[in-house]
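2 protein chains.
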Amino acid sequence: MSDKPSRAGRLRRAPENFIDGTLAADIARDGLSPTRRSFLQRSFLAAGAALAGGAAFAADAPKIAGDGDPMILEPRPWATSLGQPVAARPYGVPSKFEANLQRRQSPGLTQTAQASVAFTPLQGLFGIITPSGLHFERHHQGWQEIDPTQHRLMVHGLVREAKVYTMDDIMRLPSVSRMHFIECGANTGMEWGNAAVPTVQYTHGMLSCCEFTGVPLSVLLDDVGADTKRGRFVLAEGGDGSGMTRTISMEAALSDVLVAWGMNGEMLRPENGYPLRLVVPGVQGVSWVKWLRRIKVGDAPWNTKDETSHYVDLMPDGQHRQYTSIQECKSVITSPSGGQALLDRGYFNVTGLAWSGRGRIKRVDVSTDGGKSWRQARLESPVLPKCLTRFNFDWNWDGSPALLQSRAVDETGFVQPRYRQLRDVRGTKSIYHNNAIQTWQVATNGEVTNVHVD
Amino acid sequence: MSDKPSRAGRLRRAPENFIDGTLAADIARDGLSPTRRSFLQRSFLAAGAALAGGAAFAADAPKIAGDGDPMILEPRPWATSLGQPVAARPYGVPSKFEANLQRRQSPGLTQTAQASVAFTPLQGLFGIITPSGLHFERHHQGWQEIDPTQHRLMVHGLVREAKVYTMDDIMRLPSVSRMHFIECGANTGMEWGNAAVPTVQYTHGMLSCCEFTGVPLSVLLDDVGADTKRGRFVLAEGGDGSGMTRTISMEAALSDVLVAWGMNGEMLRPENGYPLRLVVPGVQGVSWVKWLRRIKVGDAPWNTKDETSHYVDLMPDGQHRQYTSIQECKSVITSPSGGQALLDRGYFNVTGLAWSGRGRIKRVDVSTDGGKSWRQARLESPVLPKCLTRFNFDWNWDGSPALLQSRAVDETGFVQPRYRQLRDVRGTKSIYHNNAIQTWQVATNGEVTNVHVD
Chain A
1 MSDKPSRAGR
11 LRRAPENFID
21 GTLAADIARD
31 GLSPTRRSFL
41 QRSFLAAGAA
51 LAGGAAFAAD
61 APKIAGDGDP
71 MILEPRPWAT
81 SLGQPVAARP
91 YGVPSKFEAN
101 LQRRQSPGLT
111 QTAQASVAFT
121 PLQGLFGIIT
131 PSGLHFERHH
141 QGWQEIDPTQ
151 HRLMVHGLVR
161 EAKVYTMDDI
171 MRLPSVSRMH
181 FIECGANTGM
191 EWGNAAVPTV
201 QYTHGMLSCC
211 EFTGVPLSVL
221 LDDVGADTKR
231 GRFVLAEGGD
241 GSGMTRTISM
251 EAALSDVLVA
261 WGMNGEMLRP
271 ENGYPLRLVV
281 PGVQGVSWVK
291 WLRRIKVGDA
301 PWNTKDETSH
311 YVDLMPDGQH
321 RQYTSIQECK
331 SVITSPSGGQ
341 ALLDRGYFNV
351 TGLAWSGRGR
361 IKRVDVSTDG
371 GKSWRQARLE
381 SPVLPKCLTR
391 FNFDWNWDGS
401 PALLQSRAVD
411 ETGFVQPRYR
421 QLRDVRGTKS
431 IYHNNAIQTW
441 QVATNGEVTN
451 VHVD
Chain Y
1 MSDKPSRAGR
11 LRRAPENFID
21 GTLAADIARD
31 GLSPTRRSFL
41 QRSFLAAGAA
51 LAGGAAFAAD
61 APKIAGDGDP
71 MILEPRPWAT
81 SLGQPVAARP
91 YGVPSKFEAN
101 LQRRQSPGLT
111 QTAQASVAFT
121 PLQGLFGIIT
131 PSGLHFERHH
141 QGWQEIDPTQ
151 HRLMVHGLVR
161 EAKVYTMDDI
171 MRLPSVSRMH
181 FIECGANTGM
191 EWGNAAVPTV
201 QYTHGMLSCC
211 EFTGVPLSVL
221 LDDVGADTKR
231 GRFVLAEGGD
241 GSGMTRTISM
251 EAALSDVLVA
261 WGMNGEMLRP
271 ENGYPLRLVV
281 PGVQGVSWVK
291 WLRRIKVGDA
301 PWNTKDETSH
311 YVDLMPDGQH
321 RQYTSIQECK
331 SVITSPSGGQ
341 ALLDRGYFNV
351 TGLAWSGRGR
361 IKRVDVSTDG
371 GKSWRQARLE
381 SPVLPKCLTR
391 FNFDWNWDGS
401 PALLQSRAVD
411 ETGFVQPRYR
421 QLRDVRGTKS
431 IYHNNAIQTW
441 QVATNGEVTN
451 VHVD
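Line by line, the protein sequences are chains A and Y. Mapping the first sequence onto UniProt numbering, position 136 (from 1) lands on 136, and the numbers just tick up by one. Mapping the second sequence onto UniProt numbering, position 170 (from 1) lands on 170, and the numbers just tick up by one.
Hints were generated in silico from the structure; no laboratory data involved. Predicted, not measured: the structure shown is a model, and the values here were computed from it. By construction, the Cβ of each residue, glycine as well, lies at the ideal position given by its N, Cα and C atoms. One thing to keep in mind: the hints can contain errors.
[Claimed, not checked] Taking CB as the label site, the calculated pair distances span:
#	chain 1	residue 1	chain 2	residue 2	range
1	Y	322	A	93	42 to 52 Å
2	A	326	Y	314	30 to 40 Å
3	Y	363	A	427	52 to 62 Å
4	A	93	Y	110	48 to 58 Å
5	A	369	Y	310	29 to 39 Å
6	A	420	Y	413	25 to 35 Å
7	Y	145	A	376	51 to 61 Å
8	A	376	Y	150	34 to 44 Å
9	A	369	Y	222	27 to 37 Å
10	Y	254	A	254	27 to 37 Å
11	A	376	Y	322	36 to 46 Å
12	A	427	Y	145	45 to 55 Å
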């Protein structure tokens, strides 16, 4: 493309963009299948051959017409035909060429697909907003399509007057809109022991970020006359078959928790709790109770099943930590990342996401040598509290093996830990709350893989 | 719902939410059809009847079970059955109950649907992010689904070395992500003369707001060695059949203009320029050239068809203003708005959008008496430059006729004008750049209609 070596790099952004065929079929939990590996290898060799010939850009680049003044590109079919009408799709969908960018279930991770996870394809996304159609899913008894005119929310317990609200009742209340990330407490959970999964979709894809609209929970608590002195906790219960129940402190309930109906400008999607879910900024996703049907005010935590046998952190001494629900400062490079390949040397825009359940991201550093040296990344605006922050980083790859890492720091001064630091405190038996620094290894042939660096 | 009069209001947020049947069929350009009018009337009467009986909430509210302690809501089908598995929809879509929230073509507005407009349903949206599937459309020869591996961008003219870029070339360049509104210069164009269309979808729906990701145009201009002294302008050309061409000042080109591939986290949608479009923050949508295939650097404006016979402002003296492309400070109340109905008296969260092509919104005031008195609205965060800002406003409707207005002020001190002020300067013959204050009239029966207040 250019005479500048600094612009000479090319990235195979696939597996998910621009490639026909499915990824799920040929990525197994233990890495790339021979088919996929062979495909990437061929891509790499083809690119190498083109570059060896000195071509500045791809061999199939269009010829330039015109008399010396290269004014006109060779006409393409789409420039010489009548297109589709407006509102051909009253609700639009992505291009057919993007069909491989999907949320995907990790094969074999769970026994049933109703109590399972579908991961967001972070490797193919940009900015901080997660398209609602690619928001990660975590259900405990499958998702339901609830008729909003039939849905009810009860607020009761230590209140002056228990009430049952319809959606019409709730949606007329004073509303606020805020952008927040949501991360499952188990995100990156398969990585405690070793580098188990091949792509960032599976290592970090239980992570999404949206603009939520709803009524502050404090408004509802005020409306029922909640006793906020004796009532130190609220219980939130979901309307699906699992009846998910989670305890939330009254302090959080009165600060930034929302009872939300809006997500990215429209009503919540059924998979994400339509028509009503709790939004608990900074806290693990399980507490963002979906299909929300009940809020109870009480004077003690409820210790429900999903607060005692699940979503606890098993410590090295055999005890477990309960109610460790804040998602601590964390980051990950989303591209280049596992399963992608650098097709030649030169410039790459290294990009990723950083977030903290404690507030704003203050800084992100990137290392290309496994943490020996660090340089500061650019943060895209806006940088919002308890929200994803997109970072970008200029890198010239010289063809040597490299170890790509990112390290986030939040406004409280918390520095994202290395694996060794995390394990020194928490051991290796946990599933939840792994916020260690992720490493992507770049081999001399350009292939990127998931590896562990202590 | 409540013993507090301040919470007693109910809004029929439909026509678009929660109602089965189509809106397009029964809203004509001149107002609500008898069918729709009758439906709203029935809704209003039904609600009135329920309230007259003193019911705190809807008559079909579920019974509360349990022994005095109202712990359990009557079981619903979705709480007693197995739901859908994760990744049932690898790319999710809205609930079937939201099917009426669509972008819609205005019947009869244009002669063909390929050179036409589909409007964003602002009346049913929340926050500032427009769902990509509901982004407004304005095409000049229909939209095309372009194969990204075949797409090319040429940059030439007053440059050291003309270049042709593939998508791979472009997507490896340093990228930025920014949230911006895009508004067609003709938005609200039908309102110059009188209140012509019934809903905010048609008065203001050529307006959307997304997070865009791309490479700054300045990086590409640097890459080709553009002469930015002689080259005071760039021409942007689209790859569809209309070959849309627009002149942009070099000053804008070097500041915040992007060559973008990302929209709301994923690749652009075909209707919005997939795989590449120009993002020209603060400037009317026609300059955000879609399916971008060519950038030329030159020393004078090009005065193309769409800069001379269209997208010009006809002044009272018969002359026209050209290149008036900045979208000035503007706002609109999106709910309650035309076609909706207040179903009873009491509290309403009045909500809307404000924006300015000059920078950030500083303040929004709301009037309920046609501009005689004003109170300040709450602005939701984030408040970003050249981006939509969501505002909310508490209002207790006492049942009297009301005239709802919003008035935005931007950080330059520009105050959104009344119609009289706008017409004093610009007359009534224009189509483009109508940023006057919008008025929604609330009748004593709760119906909301589009009216003009000078």
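Kindly confirm whether 34 to 44 Å is satisfied by the beta carbon distance between residue 376 of chain A and residue 150 of chain Y. For residue 376 of chain A and residue 150 of chain Y the Cβ distance comes to about 38 Å; the hint holds.
Quick check on a hinted range of 45 to 55 Å for residue 427 of chain A and residue 145 of chain Y, using CB atoms only. holds (52 Å)
| query | Would you say the C-beta atoms of residue 93 of chain A and residue 110 of chain Y sit inside 48 to 58 Å of each other? | reply | Violated, since residue 93 of chain A and residue 110 of chain Y (Cβ atoms, about 24 Å apart) do not stay within the stated range.
Exercise. Are residue 326 of chain A and residue 314 of chain Y spaced within 30 to 40 Å by their CB atoms?
Worked result: violated (59 Å)
Subject >> Supplied distance hint 51 to 61 Å, evaluated on CB atoms of residue 145 of chain Y and residue 376 of chain A >> reply: violated (40 Å)
Checklist entry - Using the C-beta atoms of residue 369 of chain A and residue 310 of chain Y, is the stated range 29 to 39 Å upheld? => result violated (56 Å)
query: Lying within 36 to 46 Å: is that true of the beta-carbon distance residue 376 of chain A to residue 322 of chain Y?
result: holds (45 Å)
Consistency of beta-carbon spacing, residue 93 of chain A to residue 322 of chain Y, with hint 42 to 52 Å: violated (38 Å)
### Query
In this structure, is the beta-carbon distance linking residue 420 of chain A and residue 413 of chain Y contained in 25 to 35 Å?
violated (55 Å)
### C-beta pair residue 363 of chain Y, residue 427 of chain A: status relative to the range 52 to 62 Å that was hinted
holds (54 Å)
Between residue 254 of chain Y and residue 254 of chain A, does the beta-carbon spacing fit 27 to 37 Å? Violated - the Cβ-Cβ distance for residue 254 of chain Y and residue 254 of chain A, about 48 Å, lies outside 27 to 37 Å.
Discussion item. Please check whether residue 369 of chain A and residue 222 of chain Y have a Cβ separation lying inside 27 to 37 Å.
Written reply: holds (29 Å)
Consistency with the previously given hints fails for numbers 1, 2, 4, 5, 6, 7 and 10, ordered from lowest to highest.
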